[in-house]
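For the sequence shown, this note's numbering begins at 13 and goes up steadily by one.
Think of the hints as simulated: they come from the structure by calculation, not from any bench.
All C-beta atoms in this analysis are idealised placements derived from N, C-alpha and C, irrespective of residue type, glycine included.
Fair warning: there could be bad hints in the mix.
Each pair of labels, with its calculated beta carbon distance range [said to hold, decoys possible]:
1. E81 <-> G41: 18 to 24 Å
2. Q181 <-> I26: 30 to 36 Å
3. Y114 <-> N157: 52 to 58 Å
4. D145 <-> T79: 23 to 29 Å
5. S47 <-> V137: 20 to 26 Å
6. D127 <-> D185: 45 to 51 Å
7. K199 <-> S53: 47 to 53 Å
8. G40 <-> D185: 23 to 29 Å
9. S38 <-> S120: 27 to 33 Å
10. D31 <-> D152: 46 to 52 Å
11. Y114 <-> G41: 31 to 37 Å
12. K196 <-> S122: 56 to 62 Å
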Amino acid sequence: MGSQRKASKGTVKIKTSNDRLQLVFSFGGKRHYLSTGFTDSKANRKLAEMKARQIELDILCNNFDVTLERYKPQSEQVVFTPSSENKTYTSLADLWDSYTEYKQSSLSPSTLAKDYHKIYRCINVHLPVRTLDKAIAIRDWLIANRTPRSAKKILTQFSACCNWAVKSQLIEDNPFEDMASDIKLPKGNFEETDINPFSLEERDRIIQAFKENRYYKH
């Protein structure tokens, strides 16, 4: 009974249906069954778990996409080209979610909300492309739309994320390696104000969400 009540508040469960991993959760009084498109394997369960955490956080932060487009397999930006038929490109959004999940035990909720979720918003709200094969386009967009200091910091974070993913055998190489070092900072450029800071209310809500889901979760 208690687990059902918890699920009604936004907990996402992972089940297997037709040999595919499925996300099951309730929102707005409606039960949702969302296929991830992934077969049931250890690596794919990691991807499904981070997608589940994304949905949970979006629900808790009142940022849930009621159309579900953000969470469907096509939102992973699977790209097909004539020269590489059936090739799937890794989602930066997915890797960042998984990396945040990995780092959260060593970070305070305020750091997660202030720094890591800013990067999450940059990826999911602002970047025009979000797959690792578009790393150069992502770098060019950051340089054009962020201050040099901000672009350098974000690329440093992306590189750290991908280094972790390589060590975790999620990807083969790091496309963001050394990109940040190519950005030269103007002298006196100490301020960084272009990553859409949260309101105090929004930040408090995110911190509380992490506390409830991470520190008090069985």
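Here is what the structure says about each hint:
Here the CB-CB span from E81 to G41 is close to 20 Å, well matched to the stated 18 to 24 Å. At roughly 20 Å, the beta-carbon separation of Q181 and I26 lies outside the given 30 to 36 Å, and the hint is violated. The hint said 52 to 58 Å for the Cβ distance between Y114 and N157, and at roughly 28 Å that hint is violated. Taken as a hint, the range 23 to 29 Å holds for the pair D145 and T79, whose Cβ atoms sit roughly 26 Å apart.
For S47 paired with V137, a C-beta distance near 25 Å keeps the hint of 20 to 26 Å intact. Taking 45 to 51 Å as the suggested C-beta distance range, the pair D127 and D185 does not conform, at roughly 25 Å. A beta carbon spacing of about 50 Å between K199 and S53 agrees with the range 47 to 53 Å that was offered as a hint. Distance hint check for G40 and D185: the Cβ-Cβ separation is about 42 Å, which falls outside the suggested range of 23 to 29 Å.
Separation of S38 from S120 is about 30 Å and conforms to the stated range, judged on CB atoms against 27 to 33 Å. Between D31 and D152 the CB atoms are about 40 Å apart, so this pair departs from the stated range of 46 to 52 Å. In this structure the hint that Y114 and G41 lie 31 to 37 Å apart at CB holds, the actual value being about 34 Å. Between K196 and S122, the C-beta spacing of about 31 Å breaks the proposed range 56 to 62 Å.
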